[in-house]
Amino acid sequence: PGHFETEDVLEMANAGLAPLAVADSYLAAFWAQVFPNVRVREDIVLHDAGDIAFAVRKGSPRLKAALDEFTRGHRESTAFGNITLRKYLQQTRWARNATAPDDLARFEKLVGLFTRYGEQYDIDWMLMAAQGYQESQLDQNRRSAVGAIGVMQIMPATGRELAVGDINLLEPNIHGGIKYMRRVIDRYFNDPAIKPTDRVLFTFAAYNAGPGRVRALRAEARATGLDPNVWFDNVEQVAARRVGRETVQYVSNIYKYYVAYKLVRERVAEDLPRRATSPAR
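Quick note on this note's numbering: the sequence shown kicks off at 1 and runs consecutively.
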């Protein structure tokens, strides 16, 4: 997706969600310190001798001087640079490999349930499967320290309120998770100005940070000239400042799993005709 930054794609490569990525050398070298599974292939060069710099208008000497001063004081090996690097190195909530064999096998077993209830509640089923992976790695046996249950990590009281059956069982659990998302969308984000995918992304953010907080973030985005109806690169920016990395990373991880699942399904669809026409051995 166009809103992915280089580090998003490198994170997917680190998790095994993407087999390879192309990056500027300085970014590849930095993120290789953060992502242990990223191997930088300096012997493969697609473009050389390029320039990367701040661009400023001619006749702006004070702006240029401010940028030069900032760069000198914040680059790697400075106190700020070292603190920032250490913050990333300590981050433990990066995306996992949702397409590893065992994980993908669980996904394939649950496609029918996610499809059924995604259609029933008019929500993209792959986004819901991606949330299920973020919550539990699609493991119905998962129990959280606070008592959340199953694939969709539903609290018992919420499960009773949803009236979908015993959420200790797989199908009611997935049914309940998707039904709950539909309720939040309809209550807080049922605005025709918001595209369907962004409604779900806002709901993911609300699931993590609370609906009232997301409503306030959207209002601040509007006040600062950002689009309050778009999560990525807009309300997401406000969330990063006001809430911190957790909510931003939560939504980002889910969307990365979503992209990975779409790629897997596309590859399967492409392989079927080839298998059908290949000669039997």
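Keep in mind that a hint or two might mislead.
[Stated by the list, open to error] Per label pair, the in silico range of CB-to-CB distance:
| # | residue 1 | residue 2 | range |
| --- | --- | --- | --- |
| 1 | P101 | D68 | 29 to 35 Å |
| 2 | R213 | A100 | 47 to 53 Å |
| 3 | S60 | A157 | 25 to 31 Å |
| 4 | G212 | V56 | 36 to 42 Å |
| 5 | N168 | A193 | 24 to 30 Å |
| 6 | K262 | D122 | 15 to 21 Å |
| 7 | V40 | T78 | 18 to 24 Å |
| 8 | R241 | T6 | 19 to 25 Å |
| 9 | D122 | G225 | 44 to 50 Å |
| 10 | T84 | G165 | 45 to 51 Å |
| 11 | G81 | N168 | 45 to 51 Å |
| 12 | P192 | G165 | 42 to 48 Å |
| 13 | G212 | K262 | 44 to 50 Å |
Simulated from the structure, these hints should not be mistaken for laboratory data. C-beta atoms are modelled at their ideal positions from N, C-alpha and C, and glycine is treated no differently.
Each hint, compared with the structure:
Distance hint check for P101 and D68: the Cβ-Cβ separation is about 51 Å, which falls outside the suggested range of 29 to 35 Å. One distance hint, 47 to 53 Å for the beta-carbon pair R213 and A100, is violated here, with the actual separation near 33 Å. Look at S60 against A157: about 58 Å separates their beta carbons, and that is not inside 25 to 31 Å. Between G212 and V56 the Cβ separation comes to about 40 Å, which falls inside the hinted range of 36 to 42 Å.
Taking the beta carbon of each, N168 and A193 are about 39 Å apart, not inside 24 to 30 Å as hinted. For the pair K262 and D122, the beta carbons lie near 18 Å from each other, so the given range of 15 to 21 Å is met. With their beta carbons about 23 Å apart, V40 and T78 fall inside the hinted range of 18 to 24 Å. Between R241 and T6 the beta carbon distance is about 21 Å. The supplied range of 19 to 25 Å therefore holds.
The hinted window of 44 to 50 Å between D122 and G225 is violated, with their beta carbons roughly 32 Å apart. Taking the beta carbon of each, T84 and G165 are about 48 Å apart, inside 45 to 51 Å as hinted. A C-beta distance of roughly 49 Å is found between G81 and N168, which places it inside the suggested range of 45 to 51 Å. Distance hint check for P192 and G165: the Cβ-Cβ separation is about 33 Å, which falls outside the suggested range of 42 to 48 Å.
Range check, G212 to K262: about 32 Å between beta-carbon atoms, so the 44 to 50 Å window is missed.
This entry does not satisfy hints 1, 2, 3, 5, 9, 12, 13, going by the numbered hints stated previously.
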